[in-house]
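Participant: So you can see what is in the structure, the chains are spelled out below.
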Amino acid sequence: MSNDITGHNEAVHLGACADAADARMGFNRILEKRALTPDTREFQVLNAEIASACAPGQFVIVRSDEKAERIPLTIADFDRKEGSITLVVQIVGDATMRLDKLAAGDAIRDIVGPLGHSSEIGKFGTVVLVGGGLGIAPVYPIQRAMREAGNRVVSIIGARSRNLVFWEDRMRATSDEFYLATDDGTAGEKGFVTDILRRVIGAAPKPDRVIAIGPPVMMKAVAEVTRAPGIKTIVSLNPIMVDGTGMCGGCRVQVGNQTKFACVDGPEFDAHEVDFALLTSRLATYREVEKRAREQHGAA
Amino acid sequence: MPQRPAAVRAKDFTEVPTGYTREMAQIESSRCIQCKKPLCVPSCPAEIDIPGFIKAIKDGDTPGAVRVLKKSNSLPAVCGRVCPQEVQCEMTCVIGRKGKPVSIGALERYAADTELAKGAAEKIEKALPTGKKVAVIGAGPAGLTVAADLARLGHAVTLFEALHAPGGVLVYGIPEFRLPKAIVQQECDYVAGLGVEVRLNTPVGQSVTGPGLLKAGYDAVFIGTGAGLPSFLGIPGENLKGVYSSNEFLTRVNLMKAYRFPEYGTPVLRGRNAVVVGGGNVAMDSARCALRLGEGRVTLVYRRTRKEMPARAEEIEHAIEEGVDVRELTAPLKVLGDENGWVKGMECLKMELGEPDASGRRRPVPLKGSEHVIEADQLVVAIGQGPNPLLTRNWPELKRDKHGLILVDENLTASVPGVFAGGDIVSGAATVILAIGNGKKAARSIDAWLKAGNRPAD
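First to last, the protein sequences are chains A and B. One gets my numbering by counting positions in the first sequence from 1 and adding 92 to each. One gets my numbering by counting positions in the second sequence from 1 and adding 159 to each.
Among these hints, one or two may not hold up.
[What the hints assert, rightly or not] With a straight-line cut-off of 25 Å between C-alpha atoms, the simulated SDA-like cross-links for lysine to any residue are:
1) B/K195 with B/E245
2) B/K400 with A/E382
3) A/K312 with B/G401
[To be verified] Some chain B residues flagged as far from chain A (calculated, every beta-carbon gap over 10 Å):
4) F391
5) K400
6) R411
7) E422
8) R429
Please keep in mind that the hints were generated in silico from the structure rather than gathered at the bench. Computed from a prediction, not measured in an experiment: that's the story for all the values here. All residues carry an ideal CB built from backbone N, CA and C; glycine is no exception.
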C-alpha cells in the first residue's frame, strides 16, 4: 500500500517507504561488530536518542527482524558524542542467532530504550564489582561510573576458560584492584569469582558495596558470601522479558515477599532479598518448547 | 453474518465472521428505512452518520460510504468488527423493535473492507497548517483517533508508541481471528498518511517524559496510554511456570504471532489443560486463543454466572461453541505446582450470589467446604487490566484517582494545562469504540483550546 509520506515525516516507521527512510538516516545501523569470544558478539549501534539518554544499569529491548523475539540487552557502553550504544550478546538461541546474522552496515529493526532504573552511583567508599561471563559487559559502565564518583574500585571478573574472557583491558583501566578467575585456570587464578571475593572481604577495608552481574547461580553465590558480613549487595536480574515497560508481567521476580517486575522495578535489586531459585526456574520456561522446535525444524 | 463453523474455526487463527458479499450488503442496506430522526446515531459513541453510510452502500457507492464513515471514525474496519453494536446502534435501531435490527456493524465492515481491498487510499481533505504541535501518547484507538482528527484540522501531530507496531490493544490484545492485523496496519497507515509523525519504540515516561514534551515545545499533549498493567489474583503460586497474565499471553500470541512459532521466534506455552480466570472480553479472547493453540481442554473459571459476565454475548457464545468449558460460580484460592515449579492445578471454591456490590452485580459469596481442585498445566489470569504507571509515576502534577486513572473534566482536560486524556487510561479497561469516542471529543477540545490561544504553563 503506498503511503504519501510528506517531507517532514522522515521518522515514520511504517511500511517499506519508512524502512528506506530509516536506513538513509542510519537509525539503528550497526557501526561495528566483533566477536569477543566464540559465542559472544559486541555490536556498536547508531541510536543517538538512546545514547544521549541512557545511564549505567539500563537496558534496551531489541528485535533484530520482523519475526524475531523481543529480547532485553544491557547497554554495555555508550558514546553520547557519536550517538552510539554498545551491546554485548551471547549467541545461545533463536533470537540471538538472528541478531548474529546481521553485519556492520545492517540495521537492527527495533530498539527500545533506555529501560529500567539506572544504577545507584554514589561515593560509597570501596565498591567491589563482580562480573561473571557475559555479566562482565553490564558491569563495565557501572564500574566506570563508580570510579568517576570517587570510589575505590575492586574489579573481579570470571569465566569458565581463557577464551571466554573479554574486555579485560577495560576492566583493568577502570579499577584500583583487578582480579581474574577462570574455572580451568587457563587465565588468572584457577577458581571462582566468589573465592576471590571472600579474600577481598577478608582483607581490610571491608567493602561498602558489592555489585554482581552474571548467571543467576553466580549472583546467588555472591549473595551468600556477602550475607554474613552484612555487605549491601546489588544484582541485576535477567528474566525473560516481552515488552519491557511493565505491561505484561512476564519478567516477574520475587524480592522479599513481594512480586516485582524486573523491567520497571529493576533490573537491579537487593541480592539478599532475591529468590534466585524462582528466577532460575522461570528462565527455563521455554527450554522444552524451543528444544522441540530445533529438533523438528533443524537448528537455525 | 455468515461465520465459519465452530469445529473448523477453532483450529486456526483465520477470521471467524466471513463478511458480507455485495449482494448481502445490498439486501441488508435496503432494510434501513432511513429514519428522519435516526435512533441509531445517538447510540454511537463516534456519532457516525449511520443512515448516511448505509444509503451510500445501497446506492452501490462504497467509496462514498467510507467517506461518510471516516468523517466520524478513522477506524471503520476495526469498529465494524469489534464494536458491541448489539448494545449500541443495533439495540436502538427502530426496525429492531419488530424484527431483526439492521446489521449496522456488518455493513460498516463491508464498506471499510471493500475500500481497503482496493489499496490506494483516497486523499482526505485537510485544513491549512495551524503551526501548532500536538504530542499524542499511545497509538491505540484513542490516540489514533486524536491524531487523525487533529491532523485533518491542520495541526502537526507526533504520535508516540511504546511497542514496535501501532494499534495498542488492536494489535496486542484482540486476536487475529477477531481482528486481522493486516487490517489494523492498513488503518494505521491511513492515519500516518494524514501526515502524522509516528514514533514507534518510544515509551513515554522513561527518557522521553510528559513534562519533557511540554518543555520541548508541544502546544498540547494527549494521553491515551490505555490499560497496560496486568492484574494478578494475588494468590499463592501465581509465579509458577505456566502462569500468564492475559496481557502477556495475548501479546505473545497476537503481537508476536506465537501461534506461528517457530516461524516467528516468540514461543508461547500450549497447554493440554488450560484454565482462564475471568469473564470479560479479554478472558474470552484468552480462552479462544488457548483453544486454538493447545491440544486439549480449555476451562474458563468465573466467580459469578454467565449473566453477570461483562464480555459481549457474541464472544461468550463463540467461546462455548468452540468448546470452552465454562465453570460459573467458581473462584480460585491458590495455584498448585509440581516439584519442577510448573503449575499443575488450581484450588478453587464454589460461590453463590449474594447482595449486589458496588458494580450493581450480585456479590459472589464463598460456599464453605466447597474446595476442589481443577487440573491445569497452564493458567491465564484475565481479571482486568489497570493503568500502566510508567508515564505518570514521575508526573505528580498530573492528578489521578486511587486506581491510577487520570482525572479529567467533561472536556477530557487533565489537571495540567495543555494536557488531555482519554480511553482506558481515564475510564479503566473498556471498549475500542469508547476510546474512539473519547479521541474525537479530545480532538475537539484540544483544537478549541489551541485556537483560543492557550499555551501550556512554562
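Participant: Can you name, in rising order, the numbers of the hints this structure does not satisfy?
Facilitator: As far as the earlier hints go, 4, 5, 6, 7, 8 are violated by this structure, in ascending order.
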